[in-house]
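Number of protein chains: 2
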Amino acid sequence: MNPSTLRINAERFKTNFEALSKIGATPDGGVHRPTFSQAHLQVRAWFRELAAEAGLEFNIDSAGNHSALLQCADPEAPTLLLGSHLDSVTNGGRFDGAIGVLSALEVLQTIKDAGLYLPIHLEAIDFTDEEGTLFGLMGSAAVAGKLTPQDLLGLRGGRNALLSGLSRAGLTEEGLLMAKRQSHQTLGYLEVHIEQGSRLIEAGADIGLVTSIVGTNSYRLTFLGRADHAGTTPMDARLDAGQGASAFTLAARQQVMRNYPQCVVNIGSMTLEPGAFNIVPERACLSLEFRAHDEDTLDQLERALLELAEKEAQRFNLGLDIESVGAHQPALMSQQIQDVFHRAAKSLNLKTVPLASFAGHDAQSMASICPAGMIFIPSVDGASHSPREYTEWQDCVNGASVLLHAVLSMAIG
Amino acid sequence: MNPSTLRINAERFKTNFEALSKIGATPDGGVHRPTFSQAHLQVRAWFRELAAEAGLEFNIDSAGNHSALLQCADPEAPTLLLGSHLDSVTNGGRFDGAIGVLSALEVLQTIKDAGLYLPIHLEAIDFTDEEGTLFGLMGSAAVAGKLTPQDLLGLRGGRNALLSGLSRAGLTEEGLLMAKRQSHQTLGYLEVHIEQGSRLIEAGADIGLVTSIVGTNSYRLTFLGRADHAGTTPMDARLDAGQGASAFTLAARQQVMRNYPQCVVNIGSMTLEPGAFNIVPERACLSLEFRAHDEDTLDQLERALLELAEKEAQRFNLGLDIESVGAHQPALMSQQIQDVFHRAAKSLNLKTVPLASFAGHDAQSMASICPAGMIFIPSVDGASHSPREYTEWQDCVNGASVLLHAVLSMAIG
Numbered sequence: 255m256n257p258s259t260l261r262i263n264a265e266r267f268k269t270n271f272e273a274l275s276k277i278g279a280t281p282d283g284g285v286h287r288p289t290f291s292q293a294h295l296q297v298r299a300w301f302r303e304l305a306a307e308a309g310l311e312f313n314i315d316s317a318g319n320h321s322a323l324l325q326c327a328d329p330e331a332p333t334l335l336l337g338s339h340l341d342s343v344t345n346g347g348r349f350d351g352a353i354g355v356l357s358a359l360e361v362l363q364t365i366k367d368a369g370l371y372l373p374i375h376l377e378a379i380d381f382t383d384e385e386g387t388l389f390g391l392m393g394s395a396a397v398a399g400k401l402t403p404q405d406l407l408g409l410r411g412g413r414n415a416l417l418s419g420l421s422r423a424g425l426t427e428e429g430l431l432m433a434k435r436q437s438h439q440t441l442g443y444l445e446v447h448i449e450q451g452s453r454l455i456e457a458g459a460d461i462g463l464v465t466s467i468v469g470t471n472s473y474r475l476t477f478l479g480r481a482d483h484a485g486t487t488p489m490d491a492r493l494d495a496g497q498g499a500s501a502f503t504l505a506a507r508q509q510v511m512r513n514y515p516q517c518v519v520n521i522g523s524m525t526l527e528p529g530a531f532n533i534v535p536e537r538a539c540l541s542l543e544f545r546a547h548d549e550d551t552l553d554q555l556e557r558a559l560l561e562l563a564e565k566e567a568q569r570f571n572l573g574l575d576i577e578s579v580g581a582h583q584p585a586l587m588s589q590q591i592q593d594v595f596h597r598a599a600k601s602l603n604l605k606t607v608p609l610a611s612f613a614g615h616d617a618q619s620m621a622s623i624c625p626a627g628m629i630f631i632p633s634v635d636g637a638s639h640s641p642r643e644y645t646e647w648q649d650c651v652n653g654a655s656v657l658l659h660a661v662l663s664m665a666i667g
Numbered sequence: 255m256n257p258s259t260l261r262i263n264a265e266r267f268k269t270n271f272e273a274l275s276k277i278g279a280t281p282d283g284g285v286h287r288p289t290f291s292q293a294h295l296q297v298r299a300w301f302r303e304l305a306a307e308a309g310l311e312f313n314i315d316s317a318g319n320h321s322a323l324l325q326c327a328d329p330e331a332p333t334l335l336l337g338s339h340l341d342s343v344t345n346g347g348r349f350d351g352a353i354g355v356l357s358a359l360e361v362l363q364t365i366k367d368a369g370l371y372l373p374i375h376l377e378a379i380d381f382t383d384e385e386g387t388l389f390g391l392m393g394s395a396a397v398a399g400k401l402t403p404q405d406l407l408g409l410r411g412g413r414n415a416l417l418s419g420l421s422r423a424g425l426t427e428e429g430l431l432m433a434k435r436q437s438h439q440t441l442g443y444l445e446v447h448i449e450q451g452s453r454l455i456e457a458g459a460d461i462g463l464v465t466s467i468v469g470t471n472s473y474r475l476t477f478l479g480r481a482d483h484a485g486t487t488p489m490d491a492r493l494d495a496g497q498g499a500s501a502f503t504l505a506a507r508q509q510v511m512r513n514y515p516q517c518v519v520n521i522g523s524m525t526l527e528p529g530a531f532n533i534v535p536e537r538a539c540l541s542l543e544f545r546a547h548d549e550d551t552l553d554q555l556e557r558a559l560l561e562l563a564e565k566e567a568q569r570f571n572l573g574l575d576i577e578s579v580g581a582h583q584p585a586l587m588s589q590q591i592q593d594v595f596h597r598a599a600k601s602l603n604l605k606t607v608p609l610a611s612f613a614g615h616d617a618q619s620m621a622s623i624c625p626a627g628m629i630f631i632p633s634v635d636g637a638s639h640s641p642r643e644y645t646e647w648q649d650c651v652n653g654a655s656v657l658l659h660a661v662l663s664m665a666i667g
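Chains C and E, in that order, are what the protein sequence lines are.
Letter 308 of the first sequence, counting from 1, is numbered 562 in the working numbering, and no numbers are missing.
Letter 123 of the second sequence, counting from 1, is numbered 377 in the working numbering, and no numbers are missing.
In short, the hints are calculated from the structure, not lab data.
It is possible that part of the hints are untrue.
Partial list, derived from the structure: chain C residues whose beta carbon lies under 8 Å from chain E [said to hold, decoys possible]: (1) G451; (2) I455; (3) E456; (4) G485; (5) L493; (6) S500; (7) R507; (8) G522; (9) L526; (10) S541; (11) K600; (12) A610; (13) F612; (14) G614; (15) A637; (16) H639.
One-sided and incomplete, this derived list gives chain C residues near chain E with beta-carbon spacing under 7 Å [stated by the list, open to error]: (17) R410; (18) Q450; (19) A484; (20) V651.
C-beta: ideal position from N, C-alpha, C; glycine also.
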């Protein structure tokens, strides 16, 4: 057969997607599958069964990453990894991550069903905790050997959530730290993902060729004041932690919009303690996340935001506790793989456009041990991390199809 | 005996206070007894036992208010109520409310032990939910007939907390609504309380004669935006509910300090949803409480703050949901009872000073059905609603002693 005529099984792909969307489904059409939640453990078991039904081998590494394998006869052959993740953010959407894992699986099934012999091993991988319920890009960072014992002490989700989650999943910290793969065994890493923005639709393009992935730093900031009676304590005698946190929340946005127009910042959660109507807040704890496309800018932005937090704390006579809870360096995608994706898209008459990614992805971790590449498919209204997340089914098929032909191109030229 | 020589049993009073402080004690020296929490149910049972040990009758009304009774022979005689509350705020202090209830009980015991016959009934009462875990001044508002079915639909603590709390305590909504006492049976209401401010100490006074009690309104405000990916959504395309809530938090304080210098405002809690590092907050829910000493000012301040919330919501293109969750009108204390307290203090060589109360108190509810009066005793550093809350023991004894002689004066002149 001529590999260039090979096509994925769009019906099977869709059946799998619909089954997957039911696991952890929310009433508003999204999914809720935070890492190691019951729904996430359920989706992991489902993926394992699906691989078995497809007649593929199954592997779980010491970081809990799940893989379906299509191996060639030569044990010394390198492996080409395809994948994404099946966890979701809190009340997230159905497409984020899911399309990447199912595209990878569909590619392996298509090649297997065609009886096509490739001189490399193929692996469809579901990485653990991409979204950062615990750490973010955790499974891929483990595979890339980038996870340190220090990382596991200060995490976005807190250490207790890590320990109880690992225990529920039957995993260990030691396992996370010894999951590194060897570069020479890894031919590359390819990922299909929804854009989570609206640039593809604005450009009238089908496929985004990802050029680089943003770096993301996360902090937990706690402004420290004093609990007092909210009636009897004069306004000017209060040490109100909520004032410092609110002032920082406003100023951080202004700072980024004014001085770092290529960057983004988010204060996604805030808690005031003790949290009563009639008590001046003693502690205000917020989660801070910011992103930049190069390391220098990321470092500058970090300094600017932490200085701002200090300044607002001082303005209201508050203490400030700064805890780093995760850093993911920016990464360039392989030019060679961008070219492979471009040619594959062109052979399918799909229009491509190069894009930088403002979302973190597992390809970012993988880029440090092998050539890594990603394509984006369009997100309607750019919505993501929300039940409003939506991608036209034809675009999902396009993504899986480009992935298939990129794999064939890398395997047999 | 000459009633003017009667003295409370300071040792017994202290023993009771120390036992009480252990119930719901926190490691930092405070207490945590929110309404109908386990510790609160425990303290209620403890008070009941203490009344029994003192040989006093015990009564619980349909609003769950606990009373120890020292009745005179004439069933038609009016009742003089003395009291306060045994619930606490979240991680509160040992003195707030507790000193008032124990002073009341000590006065009854002292009069009983002395075999003194008074021509009135005395009642030492522990009012339910003074602090507002559920509604605030709930037990006294019920006794005053001020609680409406509408009040029980929108409360500071939320309706679920009310229903589950009532169930734990064996109480009902119907009971709350039918606990009103008749004015003609009620001679007056007297309360001893810590100042929760530092004006007494600054004035070098022992006893504060409360002239009026502040009115307090409470709202739950929810700013409504849109959940989006915190990386891929451009800063200027976000509908970030946290920005509106933070801007309001800052502006409310500025508004009050600039235009309402006699008033106070507090944003005591804030929650961002869905509450993840990497999701733009869709909802920001905050608790708003503000206080003024007269109704006109309270109304003006209410309009000003709600307009401010609308303005900040519009500035960030957010929706706004406004829920009233409790209003307590300001109340004047009885001039006659202020005079009685003043004379009682003078007879004990204690220095008094008149003070308006910035804290809400059960006396505020009671003022609508009978002459009501309060005295304050000094709070070290003015700290309250905090484990730092502290009052010198001699000041507690002074408070109970003034209460005793005020009671004797009202009963026998």
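Verification of the supplied hints:
Hint status for C:G451: holds, given a least beta-carbon distance of 4 Å to chain E, under 8 Å. For C:I455, the suggested interface contact is broken, since its CB lies about 13 Å from the closest CB of chain E, more than 8 Å. This hint is violated: C:E456 has a C-beta 12 Å from the nearest C-beta of chain E, more than the 8 Å allowed. A cut of 8 Å between beta carbons decides the hint on C:G485: the least distance to chain E is about 4 Å, and the hint holds.
Given the 8 Å rule on beta carbons, the hint for C:L493 is violated: about 11 Å separates it from the nearest Cβ of chain E. Taken as an interface hint, C:S500 checks out: its beta carbon lies about 4 Å from the nearest beta carbon of chain E, inside 8 Å. Annotation: C:R507 was flagged as interfacial toward chain E, and the flag holds, the nearest CB pair being 6 Å apart, inside 8 Å. Because the smallest distance between the Cβ of C:G522 and any Cβ of chain E comes to about 5 Å, under 8 Å, the interface hint for this residue holds.
Evaluation of the C:L526 hint against chain E yields a held restraint, the C-beta minimum of about 5 Å falling below 8 Å. This hint holds: C:S541 has a C-beta 5 Å from the nearest C-beta of chain E, less than the 8 Å allowed. Annotation: C:K600 was flagged as interfacial toward chain E, and the flag is violated, the nearest CB pair being 26 Å apart, outside 8 Å. Because the smallest distance between the Cβ of C:A610 and any Cβ of chain E comes to about 10 Å, over 8 Å, the interface hint for this residue is violated.
Hint status for C:F612 relative to chain E: holds, with the closest Cβ pair at about 4 Å, below 8 Å. Because the smallest distance between the Cβ of C:G614 and any Cβ of chain E comes to about 7 Å, under 8 Å, the interface hint for this residue holds. For C:A637, the suggested interface contact is upheld, since its CB lies about 7 Å from the closest CB of chain E, less than 8 Å. Interface restraint check for C:H639: the shortest CB-CB distance to chain E comes to about 4 Å, inside 8 Å, so the restraint holds.
Look at C:R410: its Cβ gets to within about 5 Å of chain E, closer than 7 Å, so that hint holds up. Against a cut-off of 7 Å between C-beta atoms, the interface hint on C:Q450 holds, since the closest Cβ of chain E lies about 4 Å away. A cut of 7 Å between beta carbons decides the hint on C:A484: the least distance to chain E is about 4 Å, and the hint holds. Evaluation of the C:V651 hint against chain E yields a violated restraint, the C-beta minimum of about 22 Å exceeding 7 Å.
Violated hints for the displayed structure, listed by number in ascending order: 2, 3, 5, 11, 12, 20.
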